[in-house]
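Just so you know, the sequences run in chain order A and B. Quick note: the first sequence uses this note's numbering, first residue 1, plus one each step. Quick note: the second sequence uses this note's numbering, first residue 1, plus one each step.
Quick caveat, the hints were computed from the structure, so don't treat them as lab data. Please note that a few of the clues may not be correct.
[Claimed, not checked] Sample of chain B residues lacking proximity to chain A, with all beta carbon distances greater than 10 Å (derived):
#1 Arg-89
#2 Gly-119
#3 Arg-298
#4 Gln-341
#5 Gln-352
#6 Arg-368
#7 Ala-372
[As the list claims (entries may be wrong)] According to the in silico footprint, chain A covers these stretches of chain B (three or more CB under 8 Å from chain A):
#8 15-25
#9 133-141
[Unchecked claim] Between beta-carbon pairs, the in silico distance windows are:
#10 A:Ile-10 x B:Thr-117: 43 to 49 Å
#11 B:Ser-378 x A:Ile-10: 47 to 53 Å
#12 A:Ile-10 x B:Gly-122: 26 to 32 Å
#13 B:Arg-75 x A:Asp-43: 30 to 36 Å
Glycine included, every Cβ here is placed at the ideal spot set by N, Cα and C.
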Amino acid sequence: MQSSLPVAVISANAVDGNIRPIRFHGENPGQQIIRGDIERILDVNELCYVGVHMFSYLCSAQMNGKRRVLELRYLVREHRWVLFRVVN
Amino acid sequence: MFHVDVNSAFLSWSAAYRMHVLGEQIDLRLLPAVVVACGSSRHSIILAKSLLAGKHGVQTGEPLFLALEKCPELRLVEPDYALYTEASRSLIRLLHRFSPTVEQFSIDEAWVDMSGTHGLYGYPVQAAETMRSCIARELGFTVNIGVSSNKLLAKIAGDFQKPNRVHTLFPEEVQEKLWPLPVRNLFFVGRATEKRLRLLGIVTIGQLAAADPALLQKSLGRQGITLWQYANGRDSEPVCPAAPENKGYGKSITTAYNISDRRAAHQVLLSLCETLGMRLRQDKKYGGCITVQLRSVRFRDTSHQRQLPGTTDVTKELYQAACAIFDEVWDGEPLRQIGVQVTRLSGERYSQFDLFCPELERAERLARLDKAVDTLRSRYGEESVRRACFLRGSAGAMSDGLSAGRRTGADKSF
């Protein structure tokens with residue numbers, strides 16, 4: 001039932017502490033490689049559902065040759081990125 | 001006064017985590033689901049249930065096999081105590097944004113004194129609605145909020161219809177909303193008290209409120225007067241933001257097997273004393289009285305206590321005293337539960353030492369040893385150092401260790 005996908009991310013950390021994801025890479029349950037290059041960050045939100053501190057990045061990205069809008073989440077305590085959902 | 005209570009806390013927190021962090025599409029709160037301790041073994045205990053599971057007759061605290069008989073399609077969820085602690089802390093942090101006076105009652109309940117916040121949040125019900133929707137939006141789980149003029153009525157109001165509701169129970173509403181309820185719904189009325197009240201012909205809270213307080217005192221002692229006050233909606237307890245200081249430290253363990261030999265019992269006592277000693281040292285407290293509690297396989301309870309010549313936080317000294325008490329009181333009947341309590345607390349260690357005896361040096365060496373072990377355990381985990389006798393025994397080296405405090409919500413620091 002798990003639909004968010006753990007991904008490896010290359011990101012840029014600005015001097016003010018802001019993190020900007022640039023590229024991600026992961027493997028879906030069907031063991032297919034998923035790659036994406038972030039073109040634009042549309043929205044950033046700080047979330048704390050059930051006390052889990054995370055940042056949500058709504059991005060426009062080139063994913064396996066197609067332009068997609070997707071949401072990446074950075075789990076602060078675990079220092080981990082997940083591809084939370086692909087919007088379209 | 002607000003009373004905030006998380007609906008089916010453990011289940012809600014697990015469900016919200018799965019949806020908002022793991023990205024699952026299914027909301028466990030809308031299915032017949034339960035959180036069970038000890039995996040899916042038949043004898044596991046139900047820790048929390050969804051409303052739908054409750055409608056099938058599943059009850060918190062009952063064994064899993066009984067619950068599965070009532071509802072075979074039950075979804076089982078493993079507990080995640082670290083998540084629950086974090087969720088509880090985030091709730092208390094959010095409540096502090098509304099008022100500086102918050103008293104945490106348990107891992108999933110708290111009182112908030114909203115006196116003087118009318119200008120900020122409006123009328124009480126309006127403020128409670130703002131708080132309720134803020135918790136749902138920011139933390140992803142639902143709560144019930146009881147609104148009243150004192151803690152008791154606010155708590156009872158919070159237990160009215162669930163989930164995700166705000167209810168009021170002001171003193172002028174007591175007759176209409178509180179008195180028709182069964183007496184069991186009153187705070188501090190358990191099964192035994194309910195039985196005794198029933199013998200007096202008291203079934204509803206209204207009947208308790210109308211009863212003669214002298215008669216109640218005769219039957220229930222001082223508790224009778226307290227319950228009579230409660231039934232009339234009277235409670236003058238203020239909200240206490242700081243947790244009261246511990247009067248004692250206790251730990252008991254129900255074993256999965258019957259303890260019928262002294263050696264095994266001593267091993268369990270050592271495991272309990274390891275935990276208690278570590279908690280005492282963490283809080284810089286020293287105990288002067290040790291109590292050992294035993295429960296036999298036939299549910300016969302025995303307890304015995306002993307005053308120490310001084311006070312101590314040294315595991316070995318606690319263990320030796322506990323063993324001596326155990327040997328005095330145990331009659332050989334197989335045991336299912338053993339508990340140790342340390343009371344008569346002091347902030348200082350004191351002992352009566354003999355100048356010509358090496359006791360002083362020995363006690364200091366043991367204290368240094370405990371300190372070193374505590375440091376290792378806090379840095380590398382509670383299982384990093386264990387006594388050799390636990391390598392082959394069936395008792396755990398720390399009987400759940402410090403994590404037990406965090407699990408039960410007893411650790412209220414955030």
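Going down the list of hints, with the structure as the test:
{"no.": "1", "hint": "Arg-89", "in the structure": "violated, 6 Å"}
{"no.": "2", "hint": "Gly-119", "in the structure": "holds, 27 Å"}
{"no.": "3", "hint": "Arg-298", "in the structure": "holds, 43 Å"}
{"no.": "4", "hint": "Gln-341", "in the structure": "holds, 32 Å"}
{"no.": "5", "hint": "Gln-352", "in the structure": "holds, 49 Å"}
{"no.": "6", "hint": "Arg-368", "in the structure": "holds, 35 Å"}
{"no.": "7", "hint": "Ala-372", "in the structure": "holds, 29 Å"}
{"no.": "8", "hint": "15-25", "in the structure": "holds (count 9)"}
{"no.": "9", "hint": "133-141", "in the structure": "holds (count 4)"}
{"no.": "10", "hint": "A:Ile-10 x B:Thr-117: 43 to 49 Å", "in the structure": "holds, 47 Å"}
{"no.": "11", "hint": "B:Ser-378 x A:Ile-10: 47 to 53 Å", "in the structure": "violated, 36 Å"}
{"no.": "12", "hint": "A:Ile-10 x B:Gly-122: 26 to 32 Å", "in the structure": "violated, 48 Å"}
{"no.": "13", "hint": "B:Arg-75 x A:Asp-43: 30 to 36 Å", "in the structure": "holds, 34 Å"}
Hints 1, 11, 12, counting from the list given before, are not met by this structure.
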